[in-house]
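Residue-level listing of the chains:
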Amino acid sequence: MSLNVLIVDDSKVVRKIISKTLKLTGISINEIHDASNGKEALEVLNDEWIDIVFTDINMPVMGGVEMVERMNKDGLMQSVPVIVISTEGSQTRIEQLTQKGVKAYLRKPVTPERLRDVVKDILGLENE
Amino acid sequence: MNDYQDVLEETYVETLENLAFVFSDKIDRKEAQEMLGHDQLYLTSMEFTGGLEGALKLATEKGLGDVVAENMLGSMEDENGDLYIDSLKEITNVICGKLVTEIAGTEPIVDLSIPEVVPVSKKECQKLINDNNSIIFNSEEFLVVLNFQLKK
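Quick mapping for you: the protein sequence lines, in order, are chains Z and Y.
Take any residue in the first sequence, count from 1 to its spot, add 7: that is its number in our numbering.
Take any residue in the second sequence, count from 1 to its spot, add 502: that is its number in our numbering.
Calculated directly from the structure, the hints in this document are not laboratory data.
Note that beta-carbon positions come from the ideal geometry of N, C-alpha and C, so glycine has one too.
Restraint-style ranges between C-beta atoms, simulated for each label pair:
no.: 1; chain 1: Y; residue 1: F525; chain 2: Z; residue 2: L83; range: 44 to 54 Å
no.: 2; chain 1: Z; residue 1: M8; chain 2: Y; residue 2: D505; range: 48 to 58 Å
no.: 3; chain 1: Y; residue 1: E519; chain 2: Z; residue 2: L83; range: 38 to 48 Å
Far from chain Z, by Cβ distances over 12 Å, these chain Y residues were calculated:
no.: 4; residue: D508
no.: 5; residue: V515
no.: 6; residue: R531
no.: 7; residue: H540
no.: 8; residue: G565
no.: 9; residue: V620
no.: 10; residue: Q651
Sequences are here, hints too, so could you generate the full structure?
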């Protein structure tokens with residue numbers, strides 16, 4: 008399985024870092040799309056087949072939480088797994104995000120090993 | 503000077519080392535004055551609200567943003583010449599996120615604002631250096647002034 012990935016973060020540097028980290032995981036990647044906020048991400052999700060989304064919470068125009076809420080209201084988008092990558096460390100926030108359907112929460116900085124384990128676990132890639 | 507200077511110092515030093523392989527030494531105001539004026543200065547500001555309220559400011563030179571971008575990405579891929587701004591935002595964001603968790607713990611929700619970067623004059627930077635809530639670093643020969651204030 009070769010993945011189509013969407014990285015959502017308002018920082019170009021962070022998008023590049025996550026992209027590089029993903030390439031270091033050894034997971035087969037087909038295409039990496041990116042968006043600088045939740046609104047742009049929803050447009051990408053509308054237009055492209057995406058297997059997994061990595062998103063920040065705190066972004067201008069539309070943050071990660073609102074993006075997940077909107078994805079949940081869409082029949083096709085609600086099945087796309089979302090992983091939050093953020094600096095915030097509130098356990099209460101993590102529980103809220105999990106209740107909204109977020110599959111995992113990773114605190115920056117993220118290592119390739121951690122990213123690989125989480126992606127494989129969520130997509131069941133180990134069993135292929 | 504507030505009670506969180508040690509946490510701030512530790513968080514800053516660790517973040518820069520882990521995120522960008524940039525090493526830092528704490529310096530005094532006199533040393534800071536001597537380092538002023540070598541490069542364009544930028545001020546990155548963030549506020550936090552909710553379980554903990556306050557603000558974090560980071561004033562530094564453009565060159566530090568360039569070094570951080572280069573080290574984080576492993577190469578200089580700066581098509582538009584603006585990655586230093588994103589880098590300054592990101593290090594401030596990570597420092598702020600770690601700092602509020604260190605102080606408030608993992609229970610309360612603390613909302614972080616989106617970091618803003620603006621150019622600042624030498625005079626404005628001097629004012630920040632002289633503020634009692636500031637601590638100052640020499641990070642790979644770049645001046646860094648960190649200012650942390652809590653409202654509650």
